[in-house]
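Okay, so the sequence shown: first residue is 1 according to UniProt numbering, each after it adds one.
One or more hints might be untrue.
[As the list claims (entries may be wrong)] Straight line, CA to CA, 20 Å or less: simulated SDA-like cross-link-like pairs of lysine to any residue:
1. 196 - 186
2. 196 - 208
3. 406 - 299
4. 196 - 246
5. 359 - 130
6. 130 - 492
7. 406 - 540
[What the hints assert, rightly or not] Restraint-style ranges between C-beta atoms, simulated for each label pair:
8. 233 - 490: 47 to 57 Å
9. 301 - 70: 39 to 49 Å
10. 134 - 61: 27 to 37 Å
11. 360 - 198: 41 to 51 Å
12. 537 - 141: 52 to 62 Å
13. 248 - 490: 46 to 56 Å
14. 61 - 466: 50 to 60 Å
15. 292 - 61: 14 to 24 Å
16. 360 - 13: 48 to 58 Å
Derived by calculation from the structure, the hints in this document are not laboratory data.
Here the structure is a predicted model, which is why all the values come from computation and not from measurement.
Glycine included, every Cβ here is placed at the ideal spot set by N, Cα and C.
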Amino acid sequence: MEKKAYKPVPDVECLKYHGTPEKPDIKIFVSHRIDLDSETIDNPLYIPVRCGAVYDERENVDMLGDDTGDNISEKRNSFCELTVLYWAWKNVKADYYGLCHYRRYISFAKKSFRPKNDKSGFLVTDKLSKSNLKKFSLQNIEVMKEEILQHDLITTPSENVYYAWDGKHSSMYELCKSRIRDFDMNGVDSFIKIIKEKYPDYSSDVDQYFEGHFAKYYNCFVMKKTVFDEFCSMLFDVLFELEKHLDTTHYGTWKMRMPGFMAENLFGIFYLHLLRSSRYKCCEKDLVYFSDTKSEPITDLLPAFKENNVPVVISSSNYFVPYASVFIKSVINNSASINNYDIIIFEHDITDDNKRLMKKMAEGYTNVSIRFYNAQPLLKNVDLFVNSANQSIVAYYRLLAPYILKHYDKAIVMDCDIVAKTDIAKLYAIDVKDYCMAAALDVVWQGWYNGDKEIQKYCKKILTLSNPYEYVNTGVVLFNLEKCRKTICKEELLKIAQSHKFIVQEQDVLNLVFDGKIKFIDIAWNMYAMVAPNIKDTIDSFAPIAAKRDYHDAHERPFLLHWAAQPKPWVFPEMDYGYEWWKVAIHTPFFGTIISRMVDTKLGQLHPAVYDLQCRAGIFDTRSGARKLADKLLPKGTRRREFAKKILPKGSIRWQFCKQIYYIFKPQYRPVKVKTDEDTEE
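Let the sequences and hints guide you as you build the complete structure.
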């Protein structure tokens, strides 16, 4: 057998030993995937290492790999993050060793944030944001050192298998038996036998662990060197022996990870043994799971076209894609051949499939470009207030437009709950050379201001506008990007954005920052639809008479229709100008999704299982099928029914298409075909 050749371990500062008796050396190794660029924590105690680096085909990767020195990097597919652990054990000197994952970290906060009755053993949060790093003390080196140096072992809470996600289990052994996707019971039995034979002192701990209902998961811990050496010696001795007993012939990719799963069990057994022997001081700290640790490079955006480039920027989440596509389609429908439309979508979570479908809308148009830009990295470690469930952090992306579009002089930046009724290039042509931005006065805001003392107080104390009646709606903005950059830097703008809990989020920020530097444009460029009675009442009863007159004039000749408030036309087609939105929506690649969501919303249904329960309870009479449902959603004689008839004439190709889409999502309504004599083959 050919002897394995080892590459030298890099001579880098973070791997050198810096310990003294007074200041022990602490190194916590963070296992990272080679197929995913993840955020790292700026803290010298953490050392990011690529797991399975021997398989990494990328070039110019700066992160350390587990494929140097004495290593088992090639075992990544079965040992998981343990290849990083082995590498650290064999090649790096420290006084304390730790292991965690790119998305799982041990919290070093003084208090626990888990609910009292929590049985899961971990917390779930979103990002490695500044607030989360502070909350869990992941950058507070002194707090971390103080906690670590007080203990010989720090680990995470045990999980109660009786309350496992896949049902109640009377013991850890019974859980292994039930999870056939994870465990091969011949392998589990071999694992138990190996430990008892090689380490008889652990026999009672093995029995206690597998007969009990508490489990240790995720292989996250920090250990003093003596404990670490003892654990790793036992761990890899057992796992290497276990490999010989596993018949992996029919294993899938997931079950191939069984050695990694069994390592979790071995740590649980080892931990029980330490507690029983009372030799070491141990403690448990929260395990924090970060759901979004994806890292993307910040790149420059250049204009898509050299001449007549009209940049149009919107922000969208993945969920909002179907509705954003309606706006994009309306822009394309009203485009002129002499102009080039540079459509840019600020986002952070739009799937590749949805991006492909959106870009497909530009096929056949040589003057339309659709691109995506992940704006999230620019808000890393920035804490911004989200006022309600109807608002989103994504809306703040528009604040970044001047700094993302640094190679542009002007750009239209807007919401995506909008439909264009004319060529948007006409808006871009407006002269803003003496202003930072151009936008329409917000008539609804003016009505609020006239009718609400708290709004007046907020405007005076927080917004400090020179004239509160000159507050604009930033759902449609034409930015003079160059002047914005000269007026305020990105850091100062974001500092202001974090300074208060603004009611209308980024809109309030833009009004505050650019007060006196805004050009007011025709309200028709941001015609605020009267989506609800309170909006109509605010405009008609409380807005200044002149503003009310301007609004109603624009309402008769809108250039851009904006459904700025709740509800939205994709839920209630019969609302003000709703038909304008739907006649565009029907020609987008997401029309089926839009229809399905509307039906689900109308039914108060979030999942097919909920619908099934409703049917069983007799809430809906399914015997009459789609007709019964249609009569419920679209009562005879209503505007919504007549509207539906116009856009979906019975028997048309469009009607048949929607019918089939409906049956996909509601198969219980699909008619059963009755077999006749003519259908029967001889």
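Are residue 233 and residue 490 spaced within 47 to 57 Å by their CB atoms? holds (52 Å)
Given the proposed pairing of residue 130 with residue 492, does the C-alpha separation stay at or below 20 Å? Roughly 17 Å separates the two Cα atoms, so the pair holds.
Does 27 to 37 Å hold as the CB distance between residue 134 and residue 61, or does it fail? Holds, since residue 134 and residue 61 (Cβ atoms, about 29 Å apart) stay within the stated range.
Check the hint pairing residue 359 with residue 130 against an upper bound of 20 Å on the C-alpha distance. Violated, at about 34 Å.
Pair hint residue 406 and residue 540, alpha-carbon separation not exceeding 20 Å: Violated: residue 406 and residue 540 sit about 41 Å apart, past 20 Å.
14 to 24 Å was suggested as the range; check whether the CB atoms of residue 292 and residue 61 agree with it. Since the Cβ atoms of residue 292 and residue 61 sit about 22 Å apart, the hinted range of 14 to 24 Å holds.
For the pair residue 61 and residue 466, does the Cβ-Cβ distance stay inside 50 to 60 Å? The hint (50 to 60 Å, Cβ to Cβ) holds, given that residue 61 and residue 466 are roughly 53 Å apart.
Does residue 196 pair with residue 186 here, judged by a C-alpha cut-off of 20 Å? Holds: residue 196 and residue 186 sit about 16 Å apart, inside 20 Å.
Consistency of beta-carbon spacing, residue 490 to residue 248, with hint 46 to 56 Å: holds (53 Å)
Residue 406 paired with residue 299 [C-alpha distance capped at 20 Å]: holds (11 Å)
Take a look at whether the Cβ-Cβ distance between residue 360 and residue 198 falls inside 41 to 51 Å. violated (60 Å)
Would the hint linking residue 196 and residue 246 be met if the CA-CA limit is 20 Å? Within the cut-off at roughly 18 Å; holds.
In this structure, the earlier hints numbered 5, 7, 11 are contradicted, and the remaining ones agree with it.
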